[in-house]
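Asker: Residues per chain are reported as follows:
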Amino acid sequence: MLALRDVDVFYGNAQALWGVNLLVGEKEIVTLLGSNGAGKSTTLKAISGLLRPRRGQIWLGEVRLDQLDPSEMASLGIAHVPEGRRLFPNMTVAENLLIGAYNSTSWARRFQELEKIWEIFPILSERRKQLAGTLSGGEQQMVAIGRGLMCNPRILMLDEPSLGLAPKIVEMIFQIIVQINQKGTAILLNEQNAHIALQVAHRGYVMEIGRITMSGTAEELIGNEHVKKAYLGL
Amino acid sequence: MDSKLVIDQLLNGLVLGCMYASVASGLTLIWGTMKMLNFAHGEFYMVGGYVLYFATTAFAIPPLPGLVIAVAVVFLLGALVEKGVIDPLLEKPGWELSPLVATVGVSIAMQNAALRLFGERFKNLPYFLDGNLEMFGIRMAYQRVMIFIVTAVVMLSFWAFIRKARFGLGLRAVAQDRDAAILMGINFKRVYTITFGLSCGLAALAAALLAPIFSINPWMGHAALVKGFIAVVLGGLGSFEGAILAGMMLGTVESISVIILSSEWKDVVAFAIFILVLTVRPSGLFGTKEW
Chain A
1 MLALRDVDVF YGNAQALWGV NLLVGEKEIV TLLGSNGAGK STTLKAISGL LRPRRGQIWL
61 GEVRLDQLDP SEMASLGIAH VPEGRRLFPN MTVAENLLIG AYNSTSWARR FQELEKIWEI
121 FPILSERRKQ LAGTLSGGEQ QMVAIGRGLM CNPRILMLDE PSLGLAPKIV EMIFQIIVQI
181 NQKGTAILLN EQNAHIALQV AHRGYVMEIG RITMSGTAEE LIGNEHVKKA YLGL
Chain B
1 MDSKLVIDQL LNGLVLGCMY ASVASGLTLI WGTMKMLNFA HGEFYMVGGY VLYFATTAFA
61 IPPLPGLVIA VAVVFLLGAL VEKGVIDPLL EKPGWELSPL VATVGVSIAM QNAALRLFGE
121 RFKNLPYFLD GNLEMFGIRM AYQRVMIFIV TAVVMLSFWA FIRKARFGLG LRAVAQDRDA
181 AILMGINFKR VYTITFGLSC GLAALAAALL APIFSINPWM GHAALVKGFI AVVLGGLGSF
241 EGAILAGMML GTVESISVII LSSEWKDVVA FAIFILVLTV RPSGLFGTKE W
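Protein sequence lines, in the order shown, are assigned to chains A and B. Residues in the first sequence are numbered from 1 upward in steps of one, following the working numbering. Residues in the second sequence are numbered from 1 upward in steps of one, following the working numbering.
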């Protein structure tokens, strides 16, 4: 469904991605593993149009994404939950979620979508009038994921959802990610915590200094010596 | 001191305050969202006055529809100027300074175009409404009553629009975190264009409402801009409520000062308050606020 073909991305003159090829199928959970600065976030930014590839193509089904404006992605069904959550701190939880449905197709269905979010995250329903900046880290991550889901995406891209969260909260967030996937949304997951990422993912890619160096099913990656040593600490 | 005089001046001050508040709310709106100052704001105010003048005189349109036309025309003009002048500077280095310089240029161009097209003679308009309201022994021209009501209604609806409407949500999202807003499918350039237009429209509203009290001329924007900036800074840069309250306050204090000092001193009083407040509370009376 989502396909990157030979994508090169530059920051000014510095090349950040080198010929990245990547596939996410319908209803799949795919994880990108790699250390800080490997190019995982850059890959997501290229998909959502925040960065424009200098070479290569990005496709969602039959639609070519790499020439489009980032503001068109939500209506095409791509949701990007950025690293560090990036909520709108002076807006309420409900307002933050509504912004997720800003594109005109989703806006008409915003209240139905909102009901779905309250079902997935009952705690947010209790906090709907609270300012997002005053929530705990875990709750903020829930709002960030919920905001991504408000456009009813075909693919949900999560950038480091476990960052800065307590292990118990991380476990809960990942259970919810699996639930979301079981309802039919494909997921592309950037995660430094390879243990938990490979537990939930169907397939994975390993990125090292801007290149994809390995790919396979989650089982294959867990069994791989290099992955074991470098990312699982075994 | 004559208490009637004090009340009269207080009412005058509030009318003047309405003008400062609308001008300042527009300036604070684009500061809050685009993080830029618009030095041509006064010229959009001026155009608002001229549009009303020509609508009511040359086209014989009644004043209230004329007011709507003035706001609409200046909204479009503002949006156009944003698209043509500000938009190309976005995401380029030097954003701290470039819109400032560009809008000074726009201001000079518009002022001279007005001088060329409309001449240097001051234009005057009659009051939209005749007669006076008499209540509790106070007389007040209906024109002034109308200025209050229209300003209050517009400010309240604008506030509700920012809080509740889809575009308002988008505007606040762009103001708080532009990159995150882009990810939510918000076209920030469009938000900027419309916001700039709205800001100019608010200036036009102020000019059109007050046109019968002040006269219309190519330089009328200057005083409006200076007082508008003072109100914005007094209220706390970027704060909408602050700009409105500070605008009303500034108008009132200026008018009251006329009782004690002569009227030439009212700008001195305005600037003295400005300097005093900034010394004591550098972030303004109500503090800078995110949208």
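Treat the hints loosely; a few may be bogus.
Stated by the list, open to error - Straight-line C-alpha distance at most 25 Å; calculated BS3-like pairs for lysine-lysine: (1) A:Lys116 <-> A:Lys129; (2) B:Lys164 <-> A:Lys129; (3) B:Lys164 <-> A:Lys116; (4) A:Lys129 <-> A:Lys27.
These are computed hints drawn from the structure, not numbers from a lab. Since we're looking at a predicted model, the values are computed, not measured.
Asker: Taking the numbered hints from earlier one at a time, note which ones the structure violates and give those numbers from smallest to largest.
Answerer: 4
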